[in-house]
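Novice: What follows is each chain in one-letter form.
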Amino acid sequence: MSAPLVVVAKNSAEHKRWQYVQWAYVAGFVLLTPLVLQPFEIGKMNRALIMGVAILAVNLVVGFNGMLALGHSAFMGIGAFVTASLVQDENWDYWMIVPVVLIVGFLIGVVVGLPALRVKGLYLALVTIAQAAVFPSLVNIDELGIAARTGGPNGKGVSEEVIAPSYWEWLPGVDGARGGSAYRYWVIVLMVAITILLVTNYLRSRAGRAVLAIRDNEAGAAVYGVNLPIVKTMNFAISASIGSLAGLMWCMDKGFVAGQDFTFLLAVDLIIGLVLGGVGAIQGGLVGGLFVVWVNDLTKRISIPLGLYTLNGDGPLAKAIFGLILILFTFFAPGGIVSLGRIIVNKLIKVVPLTPAGQPIEPLSNFDPGMESTRADVAMKMSIAGPVLLAVGWLLMNVNNLLVGVLAFGLRMGILVLAPVAMLVGSNELAAHADGNRPDSAKGPATMARTLGALGFLFVIGYAVQRFVLTY
Amino acid sequence: MDLVLLLQRIFDALFNSAIYSSLALALVIIFRSTGLLNFAQGEMATFTAYIAFVLLSGPQPRLTGGGLAGLVPGVPFPIPLAIIGAVVCGMVGGAVTERALIRPLERAPDLALVNITIGVLLATNSLMGQWWGTGPRVFPAVFPSGAGQNFTILGARLRYSTIGVWAVLLAVLVLLILLLRQTRTGLAFRAVSISHANAELVGVRVGTTLMYGWALASGFGALAACLSANSVLLEPNMMLRVLVYAFAAATLGGLDSPKGALIGGLIIGLSQTLIPAYVPFIGFELSVLPALLAMVAILLVRPAGLYGTKRIERV
Chain S
1 MSAPLVVVAK NSAEHKRWQY VQWAYVAGFV LLTPLVLQPF EIGKMNRALI
51 MGVAILAVNL VVGFNGMLAL GHSAFMGIGA FVTASLVQDE NWDYWMIVPV
101 VLIVGFLIGV VVGLPALRVK GLYLALVTIA QAAVFPSLVN IDELGIAART
151 GGPNGKGVSE EVIAPSYWEW LPGVDGARGG SAYRYWVIVL MVAITILLVT
201 NYLRSRAGRA VLAIRDNEAG AAVYGVNLPI VKTMNFAISA SIGSLAGLMW
251 CMDKGFVAGQ DFTFLLAVDL IIGLVLGGVG AIQGGLVGGL FVVWVNDLTK
301 RISIPLGLYT LNGDGPLAKA IFGLILILFT FFAPGGIVSL GRIIVNKLIK
351 VVPLTPAGQP IEPLSNFDPG MESTRADVAM KMSIAGPVLL AVGWLLMNVN
401 NLLVGVLAFG LRMGILVLAP VAMLVGSNEL AAHADGNRPD SAKGPATMAR
451 TLGALGFLFV IGYAVQRFVL TY
Chain E
1 MDLVLLLQRI FDALFNSAIY SSLALALVII FRSTGLLNFA QGEMATFTAY
51 IAFVLLSGPQ PRLTGGGLAG LVPGVPFPIP LAIIGAVVCG MVGGAVTERA
101 LIRPLERAPD LALVNITIGV LLATNSLMGQ WWGTGPRVFP AVFPSGAGQN
151 FTILGARLRY STIGVWAVLL AVLVLLILLL RQTRTGLAFR AVSISHANAE
201 LVGVRVGTTL MYGWALASGF GALAACLSAN SVLLEPNMML RVLVYAFAAA
251 TLGGLDSPKG ALIGGLIIGL SQTLIPAYVP FIGFELSVLP ALLAMVAILL
301 VRPAGLYGTK RIERV
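Protein chains in written order, with the numbering used here: chain S, 1 to 472; chain E, 1 to 315.
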């Protein structure tokens, strides 16, 4: 299966269809999360999203500008403490604080960034680590009323909770037992979506292209008229302000902030998330955030008896597993999960851009007469594999074990991905047959692939609905 | 200002300075040869301090590795022998780390190597917690450091342990300089640190030399950990805080200058003790601040540190 199953032209109807499928996945994921998960799990999901925003901030500097800045835990802390202080001491509303936090983060980013960006490479890494190391003790200073504002070593609790107003109670999961955390989830999702939109636009803008140019070739960028210090500092400051926004979300979600939450270890978590998610990919942040929070959670629940000795994940060992994952990823998947995903998706569906004349630069699969009927066969196998996987997953579900449960969940997710692909390939092959580019033998498998793919998809949806109805 | 008190504070600061200097030296050795910062330096050093601890205690129930140490003839060791054992283990560990984890990523970007060392940091840290528990252990004093065991100079007490640590540090430094200046390996090491490609062209085995460099650095770290384990109590996170200071020391001295590491360690150690004592604004809670501010200030004026080589980039 070296050639991709379907080759579609950019902006063609099939490409659009594929994009709709991808958006449907994202929407389904976002929508199901507050409905399916338990309240404490929604809390974890909130934390994952917040980490995702923070990792996106790190990514802006490390991944897109090529500067090794490792101290964003301090910016998160600043955002969190500003929020806590304004909400608790000044009775501000959270939404009023958003611009304040963004501006404060930006200004502090400029102050830190101007000197920090004078140094390069690993020196910068060290300066930013110093910043992360010093932050937890900075909030304890008695002078200037800092400790009074931050609560000093005891931390500061925020008594005001984010509660859904009555006209938002129709949001999935918001009313009932999940109330608070589900509503916070929706608020955070909205903030994450806006942040990602803004960052994407920023990177497409003139300033963003300058940032990328500096990463790719600093001298070259300077020659083309990029003002290096200004662009670097602005980018650093924007990143700091997004980091502070993550801090605000943290404070809003947890309702408690303490200097000990924002240590060097949090900075290390951000780096791990960045590497696992994908350096230099916008989605990398969210994927990394999910990974850091959930894998940390999973490793804590692992318990493997090894004869005399039981390997427990809930002790200090969780960090060892993280270290191992970090090393393995650096060796075998330096692009992170996002690039792994892209490799797999490109094996299934490849989107080729158009030439200025409007022709695809590579022959599309349905005009490729060399490919007999193998594609239709593969698609058919995939669509048959779907229900089989589902059955296996269902069997495994009844074995009450965490790892197996995760595996079963993964299998169901697998079908959800495989079924539409099988449908797409099937209809693609049918179109090729209609154009006379395929022998008659391809028609049968292609039809089957399309039908079975549709059935598998409906099956999973039906299964989900049934479980949902049973649970509630 | 009370001169005796000042002198006393300086003497007290000297002990920590020596520890920072030796760990900074370890960082510098690795940076010079591989152009890489070893974030795991502190944890690897702590690990070897635990090994020394095991060698000192011998086969005891509920001490992981004790049984293994029991196979070594002569265990429990006296302190000097245990430290030598730890240093040897550290050197082997450093060489293995270089060979297994760093060499395959020779041409990878900085971030990848930073990740590897952070991974080693996390893994080592939690393995130590798993094996030896997170609670502190009492590591015996290497040099007499009890009450009254000191010289008195102008009314200020200079403890024997401070002198001992500095004596060891300077002795090792002299050995290092001799190694670099007088031996073939040292020559190869200097050649590699200037340019990998050129060294390879004249027949230096770059890989092996780098492995020696890591071994040397880890040996240094092991020594630093063993010498400081008594005063900061042996526990898995023992060197994390020290490492931040060592980073600051190495950076402000210039990441590629051994002399800079020594002087950087002194500056950091002294400023850490003296500034909180004389500047009322900064309590001991914040003793980390002046050191780091000093580092940033020096980097602003000299981006390559005090004694670091200025990088010249070809465009």
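Incorrect hints may appear among the rest.
If you only want the chain E side, here are some residues facing chain S, beta carbon under 10 Å, derived [what the hints assert, rightly or not]:
id	residue
1	L37
2	N150
3	M295
In silico BS3-like pairs for lysine-lysine, Cα to Cα no more than 30 Å straight-line [what the hints assert, rightly or not]:
id	chain 1	residue 1	chain 2	residue 2
4	S	K254	S	K44
5	S	K10	S	K44
6	S	K10	S	K350
7	S	K120	E	K259
8	E	K259	E	K310
9	S	K120	E	K310
Each pair of labels, with its calculated beta carbon distance range [stated by the list, open to error]:
id	chain 1	residue 1	chain 2	residue 2	range
10	E	P303	S	D216	17 to 27 Å
11	E	S231	S	R342	19 to 29 Å
12	S	Q22	E	V88	52 to 62 Å
Hints in this document: simulated from the structure, not taken from any laboratory. We put the CB at the ideal spot given by N, CA and C, even for glycine.
Novice: Decide, hint by hint, whether the structure agrees.
Specialist: To see whether the hints hold, each was checked on the structure:
no., hint, in the structure
1, L37, "holds, 5 Å"
2, N150, "violated, 31 Å"
3, M295, "holds, 6 Å"
4, K254(S) to K44(S), "holds, 11 Å"
5, K10(S) to K44(S), "violated, 37 Å"
6, K10(S) to K350(S), "holds, 9 Å"
7, K120(S) to K259(E), "holds, 21 Å"
8, K259(E) to K310(E), "holds, 15 Å"
9, K120(S) to K310(E), "holds, 12 Å"
10, P303(E) to D216(S): 17 to 27 Å, "holds, 22 Å"
11, S231(E) to R342(S): 19 to 29 Å, "violated, 52 Å"
12, Q22(S) to V88(E): 52 to 62 Å, "holds, 56 Å"
Violated hints, in rising order: 2, 5 and 11; the structure is consistent with all others.
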